[in-house]
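Since the structure of chain A is provided, determine the placement of chain B on it from the hints.
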Amino acid sequence: MRKFRWAFVIVSLLLVWALVSACAGGSGTSTTSTGGGSGSGSSGNAGSGQTTDKQTVELRVAWWGGQARHDMQNSLMDKFEELYPHIKVKREFTDFAGYWDRLATQTAGGNAPDVITFHPTYLSDYAKRGALMPLDDLVAQGKINLSDFDQAIIDSGKYDGKIYMVTLGNSIPGVFYNKKLFDEAGVPYPDMDWTWDDFMDTALKLSEKLNGDRWALQRVGGFNGFVRQRGKEYFAADGKLGFDKQDLIDFFNMHKRLLDAGALPDANTAAEYLHLEHERSLFGNERTALLFMNSNQLPIYQRLVEGELGIVREPVTPGGQTGEAVTGAYLAISADTKYPEEAALLIDFWLNHEAAIDIFKTEHGPLGSKKMNEYIKPRLEPAQVKMIEYVETVAQYARPQPDRPLNASEVEELYNLAEQAINFGAKSVEQAVDDFFAEAEKILQ
Amino acid sequence: MMQGIRKFWKENGPGYTFLAPWFVGLFTLTLAPMFSSLYLSFTNYDLFTKPDWIGWGNFAEMFRDPRYLKSLEVTAGYVFIGVPLQLAVAFSLALLLNRGIRGLSLYRAVYYLPSLFGGSVAIAILWRQVFGGGGLVSDLLAWFGIPNQNWIADPEHALLTLIILHAWQFGSPMVIFLAGLKQIPTEIYESAAIDGAGRLHRLFRITIPLITPIVLFNTIMQIISAFQAFTPAYIVSGGSGGPLDSTLFYTLYLYKKGFGNFQMGYASAMAWTLLAIIATVTAIVFLTSRKWVYYEE
Numbered sequence: 001m002r003k004f005r006w007a008f009v010i011v012s013l014l015l016v017w018a019l020v021s022a023c024a025g026g027s028g029t030s031t032t033s034t035g036g037g038s039g040s041g042s043s044g045n046a047g048s049g050q051t052t053d054k055q056t057v058e059l060r061v062a063w064w065g066g067q068a069r070h071d072m073q074n075s076l077m078d079k080f081e082e083l084y085p086h087i088k089v090k091r092e093f094t095d096f097a098g099y100w101d102r103l104a105t106q107t108a109g110g111n112a113p114d115v116i117t118f119h120p121t122y123l124s125d126y127a128k129r130g131a132l133m134p135l136d137d138l139v140a141q142g143k144i145n146l147s148d149f150d151q152a153i154i155d156s157g158k159y160d161g162k163i164y165m166v167t168l169g170n171s172i173p174g175v176f177y178n179k180k181l182f183d184e185a186g187v188p189y190p191d192m193d194w195t196w197d198d199f200m201d202t203a204l205k206l207s208e209k210l211n212g213d214r215w216a217l218q219r220v221g222g223f224n225g226f227v228r229q230r231g232k233e234y235f236a237a238d239g240k241l242g243f244d245k246q247d248l249i250d251f252f253n254m255h256k257r258l259l260d261a262g263a264l265p266d267a268n269t270a271a272e273y274l275h276l277e278h279e280r281s282l283f284g285n286e287r288t289a290l291l292f293m294n295s296n297q298l299p300i301y302q303r304l305v306e307g308e309l310g311i312v313r314e315p316v317t318p319g320g321q322t323g324e325a326v327t328g329a330y331l332a333i334s335a336d337t338k339y340p341e342e343a344a345l346l347i348d349f350w351l352n353h354e355a356a357i358d359i360f361k362t363e364h365g366p367l368g369s370k371k372m373n374e375y376i377k378p379r380l381e382p383a384q385v386k387m388i389e390y391v392e393t394v395a396q397y398a399r400p401q402p403d404r405p406l407n408a409s410e411v412e413e414l415y416n417l418a419e420q421a422i423n424f425g426a427k428s429v430e431q432a433v434d435d436f437f438a439e440a441e442k443i444l445q
Numbered sequence: 446m447m448q449g450i451r452k453f454w455k456e457n458g459p460g461y462t463f464l465a466p467w468f469v470g471l472f473t474l475t476l477a478p479m480f481s482s483l484y485l486s487f488t489n490y491d492l493f494t495k496p497d498w499i500g501w502g503n504f505a506e507m508f509r510d511p512r513y514l515k516s517l518e519v520t521a522g523y524v525f526i527g528v529p530l531q532l533a534v535a536f537s538l539a540l541l542l543n544r545g546i547r548g549l550s551l552y553r554a555v556y557y558l559p560s561l562f563g564g565s566v567a568i569a570i571l572w573r574q575v576f577g578g579g580g581l582v583s584d585l586l587a588w589f590g591i592p593n594q595n596w597i598a599d600p601e602h603a604l605l606t607l608i609i610l611h612a613w614q615f616g617s618p619m620v621i622f623l624a625g626l627k628q629i630p631t632e633i634y635e636s637a638a639i640d641g642a643g644r645l646h647r648l649f650r651i652t653i654p655l656i657t658p659i660v661l662f663n664t665i666m667q668i669i670s671a672f673q674a675f676t677p678a679y680i681v682s683g684g685s686g687g688p689l690d691s692t693l694f695y696t697l698y699l700y701k702k703g704f705g706n707f708q709m710g711y712a713s714a715m716a717w718t719l720l721a722i723i724a725t726v727t728a729i730v731f732l733t734s735r736k737w738v739y740y741e742e
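Chains as they are written, first to last, in the numbering used here: chain A, 1 to 445; chain B, 446 to 742.
A hint or two may mislead.
[What the hints assert, rightly or not] Quick list of in silico lysine-lysine cross-link-like pairs, DSS-like style, CA-CA up to 27 angstroms: (1) B:Lys736 / A:Lys240; (2) B:Lys495 / A:Lys158; (3) A:Lys256 / B:Lys515.
[Claimed, not checked] Taking CB as the label site, the calculated pair distances span: (4) A:Gly212 / B:Leu483: 33 to 41 angstroms; (5) B:Trp467 / A:Leu276: 40 to 48 angstroms; (6) A:Arg230 / B:Leu514: 28 to 36 angstroms; (7) B:Gly460 / A:Lys88: 42 to 50 angstroms; (8) B:Glu506 / A:Asn285: 41 to 49 angstroms; (9) A:Leu406 / B:Ser481: 21 to 29 angstroms; (10) B:Glu506 / A:Leu276: 31 to 39 angstroms; (11) A:Asn285 / B:Gly500: 25 to 33 angstroms; (12) B:Trp737 / A:Gly212: 38 to 46 angstroms.
[What the hints assert, rightly or not] A few chain A residues that don't get close to chain B, going by computed Cβ distances all over 10 angstroms: (13) Gly66; (14) Asp71; (15) Ile87; (16) Gly130; (17) Asp155; (18) Arg219; (19) Gly239; (20) Gly284; (21) Ala325; (22) His353; (23) Lys361; (24) Leu417; (25) Phe424.
Just so you know, the hints here were simulated from the structure itself, not pulled from any lab data.
Every residue gets a Cβ at the ideal spot worked out from N, C-alpha and C, and that includes glycine.
Pulled out of the complex, with its shape left as it was, chain A reads as follows:
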């Protein structure tokens, strides 16, 4: 027994140390995992939060993007650290698809980043569940200065009447076209207000010349705008699907016609490239001539391709309503943050500081601050100017959309699956649409 005594003491000490350090590590986040999620009145502490100056604060910031954006935003954070030496910015970045899995995991563990780049697609999933901090107090105190922002732009970051996110730049979906490929195929460039019939003609004509491993486009986008042109919504205000089976059948029939004509890539290629963006995409390698995409990405693609890119509206329905809606990237603050003041400081810097805008420019589209837009305009490359002009032209057509229901992103995954089933010939258009409706209605109950 005696010879065990020393071992006993050592092991006990180790244990106590392990327990203590585990508790210390946990104390910061434990409040969130037990009840913080309920979101009851946790917003009040934003204003009264104790200042922590002099002491170094570690602020965690998350964003999605490709390599070019990671490099740019890293230097943006370096600049911020240089100006505010008491704050150290810990950066977490990944591609768009992986970003949301990671954020959900972190948030559930009470371990979300303090400042989160956000997207309207997921706003309801997070805001409704109390995972984000309402920013109204910080805005009212001027800690996040939105005085140069249009009210409509501020409202686009609201959920249930409260501001949960502020815009980094706004974007309106459009169609990019590669002039080099159009010239090669001898097809006239599309008009700003082209119709779905014009679009079909253009794509079919392109496919006569672009064959082998090149196609007119990868997939027909713009279904959201398509149903809005028919006076409907993708997701209605009651949280159910806002369109009818016939709408989706009509849309997929266009897809099927282009597929059969060889204007779209074969099923295997489409599956391979479904989630690949930018430098890995078909359009980014000049293997397709058209791309349905958010306008803010025009400069990103222009840097990748040789041919000059143009941008036009998504095809319109003659006599129909306008389909455009404003989207974009936003900044939000986690409801669990310990440093709301510093988080607000970073956001305000990002939105309103010339030193930040010099680096950030118009990465996510025209900026929210009108003053910063005027400041940056003379410093932009041509594709960025073209993108801003597009948004300014098309903004008049944009109409607000209802809040998205919970699990909206799962419904969009079903949409991709239906399209894939048609591509592989596993289902007829009607069958794919029936199955989509059956599953989507179950998810949206």
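Frame of chain A, contents of chain B only:
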């Protein structure tokens, strides 16, 4: 009573003290999460707000969920084709290496290598390149007149590439087979040879019957781990389980439900169902083993 405890402590105290760090891990990192997930499986839980008790709802829902049934089908294909294939490869190579060739330990190490990193992200990425469009496999097959195609983006073949990846990780069952082969006394072979038994005869009448306990062990271990495979499908399909859900492994769908769609209650129910499925399959293998496993008495 006190006396008993004191006596027990005197005899076992140091042992339990040494075990204490492990107990802390067992309770906080294994048992606590397990039982909370058991509780969550009977609730509607979206990760952020409080779970709602819904009884057996999640379990009932599973059998009405076509993607769940699809994931079962995919996983069953992976396990029931992949595991026998892997064991056949492992056994053949073990036989080959058991012939007293020179540099045996080198070969053993080399053949074991794939298992060391077979489950890793890097290999899954490599696999995507090898079987992808314009990859090594497509180019090789093109010489034989099979048109160049992307095997991973084709729903007919995507699962097959993952099964091959699984079979390629034959290292650990191979090492166990090899150890088993070394246990077979050489006298048996010698006397069989004297009686005129040929090579095939010796294989089927001596080697295979005597190695069946090892086959049983390997089968069970590999079935259990194959049911839980996640990384290859996640990486090769880019997290989607595609194309057309053809690589939607059970655990991948579970992950997507839990973390992608915020249905952690449903995901927990799936996890416990998987446990029940694995237990059932293992029990069946054990029960049938009486018929085919030969223990030398």
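message: Checking a non-interface call: every C-beta of chain B should be farther than 10 angstroms from the C-beta of Asp71 of chain A. Is that right?
response: About 22 angstroms separates Asp71 of chain A from the closest Cβ of chain B, which puts it past 10 angstroms; holds.
query: Checking the smallest CB distance to chain B, is Lys361 of chain A really beyond 10 angstroms?
result: It holds; Lys361 of chain A is separated from chain B by about 30 angstroms at its closest Cβ, greater than 10 angstroms.
- prompt: Could one say that the CB atoms of Arg230 of chain A and Leu514 of chain B fall in the range 28 to 36 angstroms?
  reply: 35 angstroms, holds
field: Given as non-interface: Gly284 of chain A, partner chain B, CB spacing beyond 10 angstroms
entry: 16 angstroms, holds
task: Classify the label on Gly239 of chain A as holds or violated, using whether its beta-carbon is more than 10 angstroms from each beta-carbon of chain B.
output: The assertion about Gly239 of chain A holds, with a minimum of 15 angstroms to chain B.
message: Please verify whether Lys495 of chain B and Lys158 of chain A have alpha carbons no more than 27 angstroms apart.
response: Cα-Cα ~24 angstroms, so holds.
field: Cβ distance range 41 to 49 angstroms for Glu506 of chain B and Asn285 of chain A, holds or violated
entry: Holds - the Cβ-Cβ distance for Glu506 of chain B and Asn285 of chain A, about 43 angstroms, lies within 41 to 49 angstroms.
- prompt: Quick one: are Gly460 of chain B and Lys88 of chain A within 42 to 50 angstroms, going by C-beta?
  reply: Holds - the Cβ-Cβ distance for Gly460 of chain B and Lys88 of chain A, about 46 angstroms, lies within 42 to 50 angstroms.
message: Please check whether Trp467 of chain B and Leu276 of chain A have a Cβ separation lying inside 40 to 48 angstroms.
response: 45 angstroms, holds
- request: Compare the distance between the alpha carbons of Lys256 of chain A and Lys515 of chain B with 27 angstroms, and conclude whether the hinted pair is satisfied.
  value: Distance ~25 angstroms between Lys256 of chain A and Lys515 of chain B Cα, so the pair holds.
- request: Evaluate the condition: distance from the CB of Gly130 of chain A to the nearest CB of chain B exceeds 10 angstroms.
  value: Not fine: 6 angstroms to the nearest Cβ puts Gly130 of chain A too close to chain B.
- prompt: Are Glu506 of chain B and Leu276 of chain A spaced within 31 to 39 angstroms by their CB atoms?
  reply: Holds, since Glu506 of chain B and Leu276 of chain A (Cβ atoms, about 33 angstroms apart) stay within the stated range.
Hints 1, 4, 11, 12, 16, 24, 25, counting from the list given before, are not met by this structure.
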